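Chain by chain, the residues:
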Amino acid sequence: MGKFLIRLVLYILPLAGIPFLADKFISENLTKSNDFVDGEYSVWNDLLNGTINSDVVIIGASNAYRDFDPAIIGEKMKTSAYNLGSNGNNFGIQYLRFRSLIDNNKIPRVIIHAISAATLEKSTNIFNPDQFLPYMYRNRELEDVLNLYEDFSHTDYSIPFIRYFGRKEAIITACNRLINPSSNSVYRVNGYKGVDESWNSDLDRARKRSYSVKFEIDTALIPLFERYIKECKERNIEVVLVNAPEYIEGQDYVENRAEMMAEIVKLSEEYNLHFFNYLNDSVSYNIKYFFNTGHLNREGAEYFTSRLMEDFKKAQIEVN
Amino acid sequence: MEKTEIIEKLGRILSTVLKHDKFEINEALSATDVDGWDSLTHMLIITEVEKEFNIKFKLKELNKLQNVGSLVELVHLKLQN
Amino acid sequence: MIFNSIDFAVFLIVVFAFYWFVFKKTARLQNIWLLFSSMFFYGWADYRFLGLLLISILVNYFLGIKITDTKKEINKKRFLWLGLIFNIGILGFFKYFNFFYESFVNFVNLFNGDMEFSPLKILLPLGVSFFTFQMLGYIIDVYKEEIEPSRDILGFSVYVSYFPKLLAGPIERAQKFLPQIKERRSFNPALATDGLRQILWGLFVKMVISNNCAVYANYIFSDYSEVNGSTLLLGTIFYSFEIYGDFSGYSNIAIGVSKLFGINLMTNFATPFFSTNVSDFWKKWHISLTSWMMDYVNTPLSFSLRKLKKAGLLISIVCTFLLVGFWHGADWKYIFYGFLYGLYFIPLLFFKTSNRTSIVAKGQLLPSLKEVVQMVGLFMLVSLTSVFFRADSINDAFGYLSGIFTPDLFSVPQFQSRGMALVIMAFVVLFVIIEWITREKNHPFVDWETKHGVIFRWAVYYTIVLLIFVFAGQEQQFIYFQF
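Chains as they are written, first to last, in our numbering: chain C, 84 to 403; chain G, 3 to 83; chain E, 23 to 505.
Isolated chain C (complex conformation):
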């Protein structure tokens, strides 16, 4: 029995030393990836390194990073712009982007916030939770925010490397960065990713489906949103709310759009914020600008951003 136990301990001992090294190795190399998890690492890197030096910043979900071209915004507003859109995530994660921006970078003058029916939608899970893996070890602040969702438990933050269990795509990506450093083409340009596709089959599917879906609102996000607006006011940041175009035939997928937007509309009126809504604009009727019902392709994004800039000019939204 003694010999058996000793062998067992000898076997397990080396395994105990690995986590610290593995964590460091994997996390460091993972953040180098430009396109894993929709290129979120490049944005987090810029945020955490404090290299975002832009007066105009776009915050939102996929509607942000697909639809708003920061190059055009920068050109028209004669400054630099950065797109902090976080694919698939509701306001909880969007707020995290905002906090990282404020804490580490130059304070912007204007925030364009891409709003949609999904901004305040209740979500039990993070989209692309792997985007947070490299930053989690012993990160209290991150843990507090991500506890809004169910993806991680306390051990993921306190014990090194355990959060990578079963995350084969992430581990393989990290190893790839080491083995193959050159195959890492730029994915997001200042946080923006234009899609060079025309219409896909998604609308045919949508047409076949005869039902619409009722979104559920996350009431916890409402006070957070208001806090966000207040913090911007305190820092003299102008928040402009924009509902980007969505292809007209897919718009009725959301059954209770008005309800989902109600709180935001109310806050925009209360705090006197500009609110541009392009759902009924001509852009939303033109299928050539979209690659699926919810998102503009590159041509559409460029066209829409230009249109937005014209509307900004009319509304006298500028960076002084």
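I should point out that these hints are in silico values taken from the structure, not numbers from a laboratory.
For clarity, every value in this text was computed on a predicted model and none was experimentally measured.
All C-beta atoms in this analysis are idealised placements derived from N, C-alpha and C, irrespective of residue type, glycine included.
When the alpha-carbon atoms are kept at most 16 Å apart in a straight line, the in silico EDC-like pairs for lysine to aspartate or glutamate are as follows:
#1 E:Lys332 - G:Asp40
#2 E:Lys306 - G:Asp40
#3 G:Lys66 - E:Glu168
#4 E:Lys331 - G:Glu50
#5 G:Lys66 - E:Asp163
#6 E:Lys329 - G:Glu50
#7 G:Lys62 - E:Asp317
#8 E:Lys305 - G:Asp40
#9 E:Lys331 - G:Glu52
#10 G:Lys62 - E:Asp163
#11 E:Lys305 - G:Asp37
#12 G:Lys62 - E:Glu95
#13 E:Lys384 - G:Asp35
#14 E:Lys329 - G:Glu54
#15 G:Lys80 - G:Glu4
Now the in silico label distances, taken between C-beta atoms and shown as ranges:
#16 C:Phe108 - E:Phe437: 26 to 32 Å
#17 E:Ile456 - G:Glu4: 51 to 57 Å
#18 E:Ile486 - C:Ser295: 47 to 53 Å
#19 C:Asn369 - E:Met23: 53 to 59 Å
#20 G:Leu64 - E:Lys384: 28 to 34 Å
#21 E:His474 - G:Ser41: 36 to 42 Å
Assemble chains G and E onto chain C, guided by the hints.
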């Protein structure tokens, strides 16, 4: 009937049902030694044995069989009654 | 608690430590500790049914003794029937009540009835299909005088509730289990080491092979009307490996854990996909259930039908497999699944020359071409039949199958993350190769310390641990926990 004759007949029955004679029929032989002799074919074999020797088995008796030797014993016993 | 969880690991370490260091003096002490741990284990999983388990233990224990001690045959029979009704009754109520109730309502409504079916909310006690079958076998064996009834309530309780096999088998026979716990177990390092290796292998198979295949099978089955024929076919293959990996992995862990306590459980799987015919397959798949069905259903039934010769045998087989299907769940799709397998015996009974049961290509490295064709053919038959097992209903199953046999069967399968799918398929191929090479053993690591040095072995163990850590698929509930 002599036991040797019983064994011989059993051997023939096995060959007929299992359609091969890749075995050496003796008292120690058991189902695990013979390819294809399993709980399925066993029942067919038993039926043939009953027909050949004009006897009837009880299920309880069958469960006690270990090998050909015990089957021979059982058949021999039944023939004597 | 599920076997591949931190909870279970902690539980196991504690039970192991106390078993060999504190309760080691006598068999009685060891059994007391095992009983306590098993009750804790079951209670942890679901405390509501602890009472049911205890009642089942007591009733069957006393019935076993009564059957033997009663003098008159008629009374023996009465106690036997009591036992059968009690055990089948438990199963029938908790598992099948709503099924029978709904079928009855549907039947009545066929005649323009207007009956409403409002199902009773009945919870399924964990492991009920397994321990009731164990008890049924015990009662029957005691009646047939194949075994002396246990007069040791402690030992008997351990036999029923023993935690490694409590939730999903193997379904142990009393003859094999009770003698093992009658004597004090002394620590056997070779057995324990073998157990650890078996656990490691089971974890690998469950977490890397089964869980990953499940992700693809789930995706394909949930959306089966949207994908092409070749993808659907691939889906059945993924599902075959999902269920095989899940259940054989679980069984290996259970058997390996039991070895740590010096108790041997029966083998439940013997590389069934290397079978060349249906009969052989069922001798190697879920062996504890099939052998139970063979011994307690097929043998007596085919015996009473033996006048009808092959036809009688066929009827018996079909009935047995209907039961096998039905055992899995209260749904017509399971019954149909069993019925199909019964029919598959027809060519074997009426046309085939021999149904070989020995290990295929014994002693040789590679199988013959004929054997390959037979194995692949059988595997495809099993995979296609498993659609009835997996689909939500018989209708869905037929829908799925009809989707396979269309012209686009020959087009390229559709995949979301093709790269990872190929990685998983590579793992499956590796898995098949390993099982092929070691097919004559109970698990790949049996006796392997005689062939490989300690450095190589430990390197393999570390590699497996690493592979499990990196490639563990999204956790899926052990499929057989629901039965």
